[in-house]
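Once you have looked at the hints, place chain B on chain A.
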Amino acid sequence: MNISFVLNGKPVSVDVEPQTLLCDLLREKLDLTGTHIGCDTSQCGACVVHVDDASVKSCTLLAVAVDGGRVTTVEGLGTPEALHPMQLAFHENHGLQCGFCTPGMLMSSVDFARRHPNPTEDDVRRWLEGNLCRCTGYQNIVKSVLRGTAAMHAEGRA
Amino acid sequence: MSSVIGIGARPLRKEDRRFLTGHGNYVADIKRPDMVAGVFVRSPHAHAAIKAINTAAAFAMPGVLTVVTGEDLKAAGIGGLPCGWGITGKDGLPMKEPQHPALAHGKVRHVGDPVAFVVAETLEQARAAAEMVVVDYDALPAVVGVLEAIKDDAPLLFDDVPNNLCCDWAIGDRAATDAAFHKAAHVARISLVNNRLVGNPMEPRAAIAEYNSATGQYTLWSTSQFPHVVRLLMGAFVLNIPQHKLRVVAPDVGGGFGVKQFHYAEEAVITWTAAKVGRPIKWVCERSEGFISDAQGRDHVTEAELALDEHGKFLGLRVNTIANIGGYISTFGPNIPTNLYGPLLAGVYTTPAIYCEVKVVFTNTVPVDAYRGAGRPEATFVLERLVDIAAGDLGIDRAEIRRRNMIPKEAYPYQTPVMVEYDSGDPKGCLEKALEASDWAGFGKRKAASARNDKLRGIGLSTYVEACGLAPSRIAGRLGARGGLYESATVRVHPTGQVTVLIGTHNHGQGHETTYAQIVCEKLGVPFENIDIVFGDTDKVQFGMGTYGSRSLVVGGAALSKAADKIVLKGKKIAAHLLETGEQDIEFEGGEFKVAGTDRKKTFADVALAAYVPHDYPLEVLEPGLEEQAYYDPVNFTYPGGAHVAEVEIDPETCVVNLVNYTAVDDVGTVINPMIVEGQLHGGIVQGIGQALFENCIYDDASGQLLSGSFMDYCMPRADNIPKIAVAMHSTPCAHTPMGVKGCGEVGTIGSPAAVANAVVDALSHLGVNHVDMPATANRLWRVIKSSSLLQAAE
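Chains as they are written, first to last, in the working numbering: chain A, 1 to 158; chain B, 159 to 953.
Bound-form chain A, shown alone (with noise of 0.2 Å):
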């Protein structure tokens, strides 16, 4: 089947299975592999991006899915030159160690910034449930969360 989407702000336009997972079309097809496979059970969230502006697990969404969608992947946030505030907020607060879960950890924090204004740590604690990091204890990851969503409405990119 032939989709079209546009994926991290270009238009792409791709022929796919219809059993294809997004996070397989991602990786294999479109060599984008900052978005990570750690489970096979929609557990671990090393695989979210977002589609449509919401963060979603790519290995439980099928691409077709996608077609005529926006899909934002770790790659679209910012770039090693100019981060995204989510991202320099995770560097800044040592927010990341082996780097695996990030990719997810980052997209499922940049939503839950833009739906929560003033969180609180319990609130960023709930919020990650489905995001496993085995590296961080998540102590930092909070952190990171809570500073770069304080960052992500200053700037006004929330």
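Honestly, the hints are just simulated from the structure, not real lab data.
There may be inaccurate statements among the hints.
[To be verified] Straight line, CA to CA, 25 Å or less: simulated DMTMM-like cross-link-like pairs of lysine to aspartate or glutamate:
no., chain 1, residue 1, chain 2, residue 2
1, B, Lys752, B, Asp764
2, B, Lys189, A, Asp15
3, A, Lys143, A, Asp53
4, B, Lys613, A, Asp122
5, B, Lys882, A, Glu121
Given the structure is predicted, the values throughout are model-derived calculations rather than measurements.
Just chain B, lined up with the frame of chain A:
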């Protein structure tokens, strides 16, 4: 303006940007030209004889290139996977070391044991063909628990290993310990289980193998913590590939925790098969596949006794452990419950006599090997639970009984009765600081407040010491290590003064690219941004033993420090020539070579340029170039330690444990980057909390099926069940490492399970409960509370 960011500074991490922007380079992200896909067929049985494997239907499937079985490997003369550490039993005999075939032949010994490898053009084709491999199994009775496995009538995994006993190991002075128990005023006792864990780094294992028939060169990309060791073990002991024809690359690796520090069957099978099919092959482990093929951790059954005098002074400790090493010997399997366990049983106490026996036992489960902490959390758990029980028995405050028995700061270096000699430490300092930071004294008020809300509150304390910085090769060799445990580093100064470091450790989250750069910055005065760290490629890095056992900074950092010192030494010689003075008159400071007592100097970059453009250069006494290499073999283990305090609240209605406070005070020696050390502690502590409250790897007793085989069933700690953790340092520099560092990767995981378990027991102590096995799930607590003798008496 150059940025000299040295030891003790908190620069942000150099490695972050690629991970933050989706530009990490993990094995699963790599594509090779003409690459095909591989899938392993794994045993659905815990124990079965393989009567026949029919691959014809699989071969006939679309896109299939080959199907490899254990018989094929055997026919090609490929033996088993090597064990890197052989231990010796108390009878003086070597451990039983049955072959661990890369693909099972004759028999399967755990669910997930690989029996065939299917390669096809696409992953979908390989998966479909794998379904068509017909294995005719004759199911055999399985045994998964160690107590059952050593019984005389237990099913045998290997015909020539009676009672499934790999090794009956012991450490310590049995007679002295017996004597201590004879004169004891009191003996505290415990029976416990140290629950089996699955390491679960977030990146599943993966491998790509490629063979170039024109050059005879093999390349293996693998999610490995130690690519050089994989090259050595696989090349020299499994596939017979000369070292110079085998390149192993471990690029960005998404967490290790020990799980990725073994030479796995999949690496050997995929490498051999890539040559056979003449195409690069990729295999990416699925999470549920990882649950039945990644080496697992812990799994002890222990009985222990502590002899005390009437004042609560420890006189002797006796420990009897049966440790599960699963269906085969993994790379370091036998070393973990023995050499990394028994010698830690002194903890931070002056117990004069200790005797520990460990039976290492095969079962029909996934092999058990090192998982973060590896043996040392198990030792700490036994000791610290037992100390709490003793305190309860004797009516002595839990902090006070520890104070009475702690090794005083001035007694270091301290020789324990279980082989190791601690070089430095201040256990009492850590304890007092932890008690203060956690407001131990104010706990009564908090408990009363909880009680007003019908909640049970408990506080728990754990002290610990670990042996890390693996390892002094001479001692390790005596203990059965079959390789050295040094590390190597090369400092390559470029003609323009920038520096590339090539080092044999592997960074998979620990922040080496930053910490090592700080060391170079401190040593050579080269700006932080002008230093890059290269690791993880056997074609780039000279040699290395990799990253595990909290060794990277301790051993690798020391090698780096030594190599940097050699650069300064050579630089002084060059500068002396350029400045027309004697070498002894040159001082190196702040990145400049100066003639002492004058303002005459050459910058580091001037000297580097002269080394590579030797127009004015002492060629008669010095080679051009500025690159130095050092190997470092430590003289002793390092002994980080600390004290942790956990506070829990239990809802007696639901029996759910809520961890409300956690305080850690750790002595990791000199701290290079406090931000990174804190991050390591956070992560380690939460893995320990995971063991104490959530994680449990369970096999069905009858069938040997793994019941906790996915993230649906195996409870990983999540952001919403972990509180804010307070970490603080109480450092005493290591006496023998060049920078005084001790290692910090595992300390959190070692101190935390006992602290949390002690808090849970404390919350239930009014019910007469004196032990709860981990994890303290609601279901387990409900059973414990229901069966409590005091509760039953009251009812």
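Any hints from earlier that this structure breaks? Give me their numbers in increasing order, please.
Hint check: nothing fails, all pass.
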